[in-house]
Amino acid sequence: MRFAMILLGILVVACTAGSLIPQGQTYAWYAEKYSERTAALIVATHLDDAFHSWWFILINAFLCINLIACNLVRLPSLIRRTKNYAKPDENPVVSAPYHEDINTAFTKMKMSGVKEMEKNGHRVLFSFKHRIGLWGAWVCHLGVLLLIVGYSLGQMTYKEYAVYGVPGDTLAVPGTSLAVTIDDFRIELREDDTVEQYTADITAFDLSKSSEGKSATISVNHPADLLGYRFYQNSTGWAANITILKNGEYFQSKVVCAGDYLPVQDKPELVIYFNAFYPDYQFIEGYGPSTRSGKVLNPAYLYSVYYMGQMLGMNVLSSEDVLTIDEYTVYFSEPQSYTLIQIKKDSFTWLAFVGALVIIAGLFLAFYIQPQKLWAVEEEDGSWTVKASCKKGDMLFRRQFETEIEGKNKDASY
Amino acid sequence: MLRIENTLFTIVLITYFLSMAFYFLYVVGKKKIYSRLGLGLQILGLVLHTAAIICRGIGAGRLPLTNQYEFASAFAWGLCLISLIFILIYRFYTLGAFASPVFLVMTGYAALLDNQVRELMPALRSGWLGIHVSTAIISYGAFGLAFVLGIVFLLRDKLKARGFLDRHLPDKEKLDMLGYRSVALGVLFLTITIITGAIWAEQAWGRYWSWDPKETWSLITWIIYAIYLHLRIRRGYHGKAAAIFAIIGFGCVLFTYVGVNTLIPGLHSYG
Ligand code: HEM
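Protein sequence lines, in the order shown, are assigned to chains A and B. Under my numbering, the first residue of the first sequence is numbered 1, with each subsequent residue one higher. Under my numbering, the first residue of the second sequence is numbered 1, with each subsequent residue one higher.
If we strip away everything but chain A, and leave its shape as in the complex, we get (with noise of 0.2 Å):
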C-alpha cells in the first residue's frame, strides 16, 4: 500500500503541473510566455500534454497494476472472512459482564436475528449484521480499475468527427461512410436576445449500406444516436449566400460559412475568401469593424481576394454593394446561421460509468455499512458476558457498547 500512495501522490502532482501549465501549446507560445529554457524543458517533458504522455499513462498503469494485486491477493482472505463472519470471535474487540436481562443487551446495541448456538460447553446467543461491509474497499478498488480502463480504452480508440452546413445540406463525414443532411436548423432567443437553445434536425444515412437514414433531433445537452454514432450540436456561426456573375449575368451561386472560401469556376486560382459577417454592422474609430447586436439589421460582409495564393485586398460588402474583379461581379446576400455538428463514437464509456458506480457503491459500503457482530456467553454461574466486534475504525460501535452495555459515559454532551 504504500507504493500506491506513493503513486497517488505522484499523481497529485503530475495533475497539478498538467492544470497550472497550458496544455497543447507550441513551443514559441511557451518560449514567449516563460523562456526559451523553461520552454524546451516543457515540450522535452511533455508537460505540454501531460495528461497524455508517456509517463502519465505509466503511472496509471503502475496503479492499475497495483489495484489488482491487491485484490486478488484480498480476495481468498476476504472470502473466508466473510463466511466465518456468522461466528464469534476469538478475540473480540469488546467484553464486559451484563447483569440485566440478556435479550435487552441485544436491544440496546440493535442487534436483531438473534441466535443460540453452543461454544466450548458455553450456551452462546449470537447475532451479526453488515458483513457484506466488509467489501466496501475492495469493491472500491474494482471500480477505481474499472474505471481507469474504461477511460484508456476509450482514449485509445474514440473517433470523432465535425461537419456544418446550413439547412438543405447533405454533408458526407470524413473518414466514414456516413452523411448527415440538416433537416432544419433553429436558434431561440429570448425576449433579452440571449440565445435560449440551439437546434438542429439530421438524418444520418450509411453510404456504405442503401438503407433508409435515421433522423432525429438534437440540441445542446441533447445529443441522439444514430446508426452507432452520439450527434451533438456543437456550436453555430453565420453563413451566407455568395453569388457571381460572369460579364452581368448569372454564373454561380453558393451558401458559404464565414471562415470558409469559394473558388471561381472556371478560374480556380481566384478565390473569394469569406472572413467575417456582421449582422448589425458599425465601425469604431481605432477599433474596426464590430457588430452592435446578434440581430440582421445592418449585414456586412468582410471578404478577401486571394489570387494563386496572394492576397489581392480585403473589404467590407454590405448587402447592397457589389465587387467587381475583371470580367466578374460578386455579392453576398441571404445570411443565415449554420451549424457545427460533432459526431463522435467511444465504445467504452459505459465501462467508465460502470466503474464510476461501482466506486460509488463501494464507498457507500466503506462507509456507512459497517460489519458488526455481538454476542452473550453464559458462564458456570449462569451470568453472562457480552462481546463485541467490528471494524478498527468503528468507534462508534465501541462507544455505544461502552454506554449501553458497561454503562459508562451516559448523556455526554459537549
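These are computed hints drawn from the structure, not numbers from a lab. The C-beta atom is built at its ideal place from N, Cα and C for all residues, glycine as well. Do not take every clue at face value.
Ranges between beta-carbon positions, derived for each pair [claimed, not checked]:
#, chain 1, residue 1, chain 2, residue 2, range
1, B, Ile-14, A, Leu-396, 30 to 40 Å
2, A, Arg-37, B, Ala-21, 19 to 29 Å
3, B, His-230, A, Tyr-158, 46 to 56 Å
4, B, Gly-57, A, Leu-41, 23 to 33 Å
Straight-line distance between alpha carbons at most 25 Å, and here's what the computed DMTMM-like set of lysine to aspartate or glutamate pairs gives [said to hold, decoys possible]:
#, chain 1, residue 1, chain 2, residue 2
5, B, Lys-240, A, Asp-394
6, A, Lys-392, B, Asp-171
7, A, Lys-108, B, Glu-173
8, A, Lys-344, B, Asp-212
9, B, Lys-172, A, Glu-160
10, A, Lys-391, A, Asp-89
11, B, Lys-214, A, Glu-160
12, B, Lys-174, A, Glu-118
13, B, Lys-172, A, Asp-89
14, B, Lys-174, A, Glu-160
Knowing the structure of chain A, use the given hints to seat chain B with the ligand on it.
Same frame as chain A, now just chain B with the ligand:
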C-alpha cells in the same frame, strides 16, 4: 422575489452573526443557555437562508445554483446544515463556536459577490447540473466541517489545563472519529459530484472528461482525500496527522472552488 431574497439574505447574515456571538458566549460565559440560544439562532438562520435561496430560485425561474454568488451562498448553507446535523447528533454544542465563523465568513463572501440574475447559456441548462451542484454543496460542506474539526482537534491537543473547553470538547478519539466521518461523507459526495459532472459534460460537450483545470483540481482533491483514508488505516496516522491532512484537503477544496476560477482559465469559468 429577488428583493425579498436580498432582504432575507441580510437578515441571514445578522442571524448567523448573533448565533456565532452566543456560541462564543457559551465558550466564555460557560452557561448552557447560551449554547441553546446559539443553536436556535443557527436553526433560524438556516431556515431563512433556505427561504432566501428558494425566493431566488422562483425569481430567476431556475435552480439558483449556477454562478459564484449562488454557489457561495449554497456552500455556506451546506456547511451550516451539516454542522447543525453533527451538533445535534453528537450533542456537541461547542462545535458551533468553531463552525459558525466559517459559515458566517462564507455567507459574507457571497454578499460581496455580484448577485444579479443572468440568463443561462444553453449548455448550463441541464438536470444533471442541478444534481452536480447539489452534491458538490454537501461535499464541500462536509470537507468544511472536517476542516473545522481538524482545527478543534489541534486546539484540544494544545489544551493542557482542565478548563471549561477541555471538559466541553469530546475526547481526541471522538474528535478524530467525527473528522473521519465528515471526510467520508465528503468523499462519497465528491465522487458523485465528479461523476454527475462527467455525465453532464458528455451531453453538453461530447467528452466526459477533458482535463480542464476545474476537473483536474476536483480529481486532485479526490486523490488527496483518498490518501487520507488510506493513511488513517495505518497506525500513527490517526489524530494529529489526520487533522492536518483535513486542513490541507480543505485548502484544495477552496482552490478548486475559488482559485481555479480566478487563476486558471477554462471551460468552467462561469461558476
Ligand atoms: C493503487 C492504488 C490502491 C491500493 C493499493 C489501495 C489499497 C488499499 C488497502 C490495502 C486498503 C485497506 C483495506 C481494508 O482495510 O479493508 C484500502 C482501503 C480503502 N481504499 Fe484503497 N488503495 C488504492 C487506491 C484507492 C483509491 C484510488 C481509492 C479511491 C477513493 C481507494 C479507496 C479506498 C477506501 C474507501 C478504502 C477503505 C477505507 C476505510 O474504510 O476507511 N483506494 N486501500
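Hints versus structure:
{"no.": "1", "hint": "Ile-14(B) x Leu-396(A): 30 to 40 Å", "result": "holds (36 Å)"}
{"no.": "2", "hint": "Arg-37(A) x Ala-21(B): 19 to 29 Å", "result": "violated (56 Å)"}
{"no.": "3", "hint": "His-230(B) x Tyr-158(A): 46 to 56 Å", "result": "violated (32 Å)"}
{"no.": "4", "hint": "Gly-57(B) x Leu-41(A): 23 to 33 Å", "result": "violated (50 Å)"}
{"no.": "5", "hint": "Lys-240(B) x Asp-394(A)", "result": "holds (18 Å)"}
{"no.": "6", "hint": "Lys-392(A) x Asp-171(B)", "result": "holds (18 Å)"}
{"no.": "7", "hint": "Lys-108(A) x Glu-173(B)", "result": "holds (23 Å)"}
{"no.": "8", "hint": "Lys-344(A) x Asp-212(B)", "result": "holds (19 Å)"}
{"no.": "9", "hint": "Lys-172(B) x Glu-160(A)", "result": "violated (55 Å)"}
{"no.": "10", "hint": "Lys-391(A) x Asp-89(A)", "result": "holds (13 Å)"}
{"no.": "11", "hint": "Lys-214(B) x Glu-160(A)", "result": "holds (23 Å)"}
{"no.": "12", "hint": "Lys-174(B) x Glu-118(A)", "result": "violated (36 Å)"}
{"no.": "13", "hint": "Lys-172(B) x Asp-89(A)", "result": "violated (28 Å)"}
{"no.": "14", "hint": "Lys-174(B) x Glu-160(A)", "result": "violated (53 Å)"}
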